[in-house]
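Chains as they are written, first to last, in my numbering: chain A, 1 to 73; chain B, 1 to 132.
Just so you know, these hints were derived from the structure itself, not from any lab.
Only a predicted model underlies this, so the values are computations on that prediction, with no experimental measurement involved.
Just to be clear, a hint being listed does not mean it is correct.
Under the rule of at most 20 Å between Cα atoms (straight-line distance), these lysine-lysine pairs were calculated in the PhoX-like manner [what the hints assert, rightly or not]: (1) B:Lys28 to A:Lys44; (2) A:Lys49 to A:Lys23; (3) B:Lys117 to B:Lys85; (4) A:Lys49 to A:Lys5; (5) B:Lys123 to B:Lys10; (6) B:Lys80 to A:Lys21; (7) A:Lys21 to B:Lys10; (8) B:Lys10 to A:Lys23; (9) B:Lys59 to A:Lys14; (10) A:Lys14 to B:Lys126; (11) A:Lys14 to B:Lys123; (12) B:Lys30 to A:Lys44; (13) A:Lys21 to A:Lys31; (14) B:Lys59 to A:Lys44.
Pulled a few chain B residues facing chain A out of the computed Cβ check, cut under 10 Å [claimed, not checked]: (15) Lys7; (16) Gly11; (17) Arg19; (18) Leu55; (19) Ala110.
No residue lacks a Cβ here, since even glycine has one placed at the ideal position from N, Cα and C.
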Amino acid sequence: MRKTKLSNYEYFLKTDTSSYKGKWIAIAENKVAAVRERADQAFKAAQKKYPKTNISLAKVPRETTLVLKIKVE
Amino acid sequence: MIVFRYKSEKGGYSQIVKRPVADVWLKKGKGWVEFHPYIDSGADVILIPLSLGELLGFKVEGEKIDEIGGVRGAVPVIYKRWEIKIGSQTLPVLLAWALLEEVPPLLGRADVFDFYKITFLQKEGKIIFEKI
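My request is simple: use the sequences and hints to build the entire structure.
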């Protein structure tokens, strides 16, 4: 069966990115195309792999990055 | 009307946290770069980390460095007037370029929240942007 191609945004929402905490990810072609410490590095690495495709960027937060969270007692 | 969604992520204490995520395009030269910031009604401005600003071509030299306060303390930033795109709509916005990497990219209120009526429907997993 053919897989439906998601937009980069939809792919990001649906993908478990927890193994990339603290890193930048570049998304292209329904894949995490590159994972780097910096946005520019991730973008350029993905662009090298997918020169004709739209690439999007997201920073995966560390657990402590977004500090306003619920504390479970 | 544009509908954004929540992303389920593992937060502290191994619990799942749903966070509102937008799909935003930032001007880069003659083109655009797509990125996925968190929508934060508590943030005064759009905030982007150091390396994303550098990808857009921002330079520190000759710029005024300000500080913004966060829950984790002060963050040095340079304010920039920049163009972003949400859906097909291009908006001139004020954004804060953090001179640190360890900040989350945030879609804050300045300019954006004046342009849209924004409704958070967390239970339904939606954030609705309606042009005012």
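Hints, one by one, checked against the model:
1. B:Lys28 to A:Lys44: 13 Å, holds
2. A:Lys49 to A:Lys23: 19 Å, holds
3. B:Lys117 to B:Lys85: 16 Å, holds
4. A:Lys49 to A:Lys5: The hint holds at about 18 Å.
5. B:Lys123 to B:Lys10: 18 Å, holds
6. B:Lys80 to A:Lys21: 28 Å, violated
7. A:Lys21 to B:Lys10: At roughly 10 Å apart (the allowed maximum being 20 Å), B:Lys10 and A:Lys21 satisfy the hint.
8. B:Lys10 to A:Lys23: Holds, at about 15 Å.
9. B:Lys59 to A:Lys14: At roughly 34 Å apart (the allowed maximum being 20 Å), A:Lys14 and B:Lys59 break the hint.
10. A:Lys14 to B:Lys126: With Cα atoms ~14 Å apart, A:Lys14 and B:Lys126 stay inside 20 Å; holds.
11. A:Lys14 to B:Lys123: Holds, at about 17 Å.
12. B:Lys30 to A:Lys44: 17 Å, holds
13. A:Lys21 to A:Lys31: Holds - the C-alpha atoms of A:Lys31 and A:Lys21 are around 17 Å apart, at most 20 Å.
14. B:Lys59 to A:Lys44: OK: B:Lys59 and A:Lys44 at ~18 Å, within 20 Å.
15. Lys7: 5 Å, holds
16. Gly11: Holds: closest Cβ of chain A sits about 5 Å from B:Gly11, inside 10 Å.
17. Arg19: Hint on B:Arg19: holds, closest Cβ of chain A at ~7 Å, below 10 Å.
18. Leu55: Interface hint status for B:Leu55: holds (4 Å vs cutoff 10 Å).
19. Ala110: Check failed: Cβ of B:Ala110 comes no nearer than 19 Å to chain A, outside 10 Å.
Comparing the model with each numbered hint stated earlier shows that hints 6, 9, 19 do not hold.
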